[in-house]
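Chains S and X supply the protein sequences, listed in that same order.
Each step along the first sequence adds one to the number in my numbering, with nothing skipped, and position 77 is 77.
Each step along the second sequence adds one to the number in my numbering, with nothing skipped, and position 92 is 1092.
Rather than coming from a laboratory, the hints here were simulated on the basis of the structure.
Accuracy of the hints is not assured; some may be wrong.
Listed next, the in silico DSBU-like pairs over lysine-lysine satisfying Cα-Cα at most 35 Å (straight line) [unchecked claim]:
1) X:K1050 / S:K310
2) X:K1210 / S:K138
3) S:K223 / X:K1237
4) S:K149 / X:K1237
5) X:K1216 / X:K1233
6) X:K1210 / X:K1072
7) X:K1216 / S:K225
8) S:K98 / S:K138
9) S:K138 / X:K1218
10) X:K1072 / S:K138
11) S:K149 / S:K225
Just so you have them, the derived chain S footprint on chain X, three or more residues with Cβ under 8 Å [as the list claims (entries may be wrong)]:
12) 1027-1037
13) 1078-1092
14) 1098-1109
Here a beta-carbon is modelled for each residue, glycine too, at the ideal position from N, C-alpha and C.
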Amino acid sequence: MMQMFKVLEPGAYTTIQDRGRLGYQQFGVPITGPVDEFAFRLANLLVGNSEDAAAFELTVLGPSLRVLGEADVAVTGAQMPVHRNDEQIPVWISFRVKPGDTIRVRMARNGCRSYLAVSGGIDVPVVMGSRSTYVGAKLGGIEGRPIMKGDVINRGESGLLHAPRRTPVDLVPDYPNRILVRAMAGPQDYHFDEGHETFFNEEFVVTSKADRMGYRLEGPVIKLKEGAPFSIISEPSVPGGVQIPPDGQPIIVLVEQTSGGYSKIATVVSSDIRRVAQAKPGDRIRFELVDLETAHSLFRRQEDLLQRTKELFAT
Amino acid sequence: MGGLYTRPIYRLAGDRGLLVEYGDAIDPEVNRYVRAMSIALSSAPPPGLKEVIPTYCSLLIYYDPLLTDPTKLQQGLENLSEHLSNIILPLPDTIEIPVCYGGALGPDMDFVSEYSGLALKEIVRIHSEPSYQIHMIGFTPGFPFLGGLSKLLYVPRLRSPRMLVSAGSVGIANDQTGIYPIDSPGGWQLIGKTPFKLFDPSRPRPFLFKTGDLLKFKPITLEQYSSLLTSPKGNNK
C-alpha cells in the first residue's frame, strides 16, 4: 500500500468504484460500480491494471489532487480538461506523475462522468466483496462517502508502464446532446399498448433528477394499457430497466437500486447504458427497439473491442 | 386468484437478466417453489449464472451473455424443476426482533391509535402476535417487506414522507409492516424501534435474516431497549 494522492479539491461528486458488489442484491444492496463501465475498464487498462481495479468516478467537475508517489494515471470518459501542473494532458491516454505534481480535472465540456485510474488501483478496504462506494448505505470507498478535501488516497502495489498507452482513436466515443439508446421490450411491456408506440417513437429530455440511482426523463405521457395496475408486486430491478410510474414519465434505473414496484416497459441494452450515463440534464434521448439477439451481438462486440485493446496494450 | 402457475412465465429483463415468475400473487405454495428453485440453483448452478435474486413469487437470474442465453437457462431450470420434489426445503428460520413500542421511539403511535380505534396495548399485542414472512428485502440494505399484517392495523402512509427515519424504526403502511435498517427517508407510520442493528457490513453475516425467513416482534420495555443497544447485535455496540 502506497500513499498516492492528497485531495486538494474533491470535485462535484467523486467516488471510488470497482466493477461492483455482486451477491448481495437479494439483501437490498445494489451492485453500484461505474455507470459507464466501458470508460472505466479502459481507464484501468491504460495504466496496466486489471479491468476491475478501483478507480475514481468523476461527475461533471473533477477533483484537484496532490501527487504523493510516482505512478501512471489515465482519465477516460466525459471530456474534462486534465492538467498536470500547468500542462494540459489529453484524455484516454496514460501519463506519468511524480511526487509534488498536481492533477486538476476541470468542468466537463461534453458528457457527464469520467474515470481516473492509477497504477495498482485505488486501495481502500474491501467491504462485502467490493471497494465500490455506496453512499446511500455509507458502504465501501472512504467511509462510504464521496472523497473530501484532505483525504489521503492509497494505491495498490504494481509496476509502472515501460511506455505510455493510448486508446485507439476509433474507440473514443463522442458524447452528443442527443442520443439514441437501444432497448429491449419488457419485462412488463404487456402492460402497455399505445404507450409502447409513444416510448419508442418520441423524444425524452433528461431532467435534473439524474444520478447513479436512476435518470428521470420528461416527455409525452406514456399511458398504461386500460386495466393495467399502477404498481406491481415489488420485484428486483436490473440496471437499464425503464420504469413507468403513474405520471407516465419514464425513469431509467441505474446501479444504485435493487427493486421497484412499477411496470418496466423496456430495458436499455447493457452496451448502451454508458450512453445514458454520459447524458446530462437537458440532453435528449430516443429509444430504438432491438431484440435479444441484437442486444447480445452488441454486447459481444463491446467485449471484443475491449479484449483486442487489452491485447494491443500487452504487445 | 393467484396460486402456482402450471408453467412458469419467463420474461426477459434486458440482455443479462431473466425473470422467472411462478405465480402472480402472495401465496405460500408459490413462495415454497421459489425457495426450492433458489436452493436447487445454488447447489447446481448452470453455466454462466452470476446471481439469483429470489422474491416472493419470482426469481431474477443474472447471467453472462458470453456464456449462456435465456433458452439454455430455461432448459436448465426445467431440468432442475423435475427434481425439485427431492429437495428437502429447510424450515424457514424464525428471527426474533425486540421492539420498544410507542413513546418517543414510536412517534406515530397516537395517530395509529386514533385511526384504528385501538389502544396502544392492543396495537402492540396485534402487531407482535404473528410470525411475518419476509417476502423481499430491498428499498435499503436489509429492509424486510413483511406479509401478514392484521387488517386491524391497516393505516395510510404519511402524507409527506420524513426526510430522515432513524435506523431500527418499525413502521406500518397499508397492508405492510417493516423495519428501517439504516437511516433513510421514509413514509411509513412509525410505531416503535428495535435496538438491533439489522445491517452491519463488519459482521461476518451482515444481515440478521434472508428472504423467506419468519420474523417475530417481541415487545420490550424502554430499559430493555437501552441495555440491548450495547449488546452484540445492538445498534450502539
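Report the numbers of all earlier hints that the structure fails to satisfy, in ascending order. 3, 7, 10, 11, 12, 13, 14
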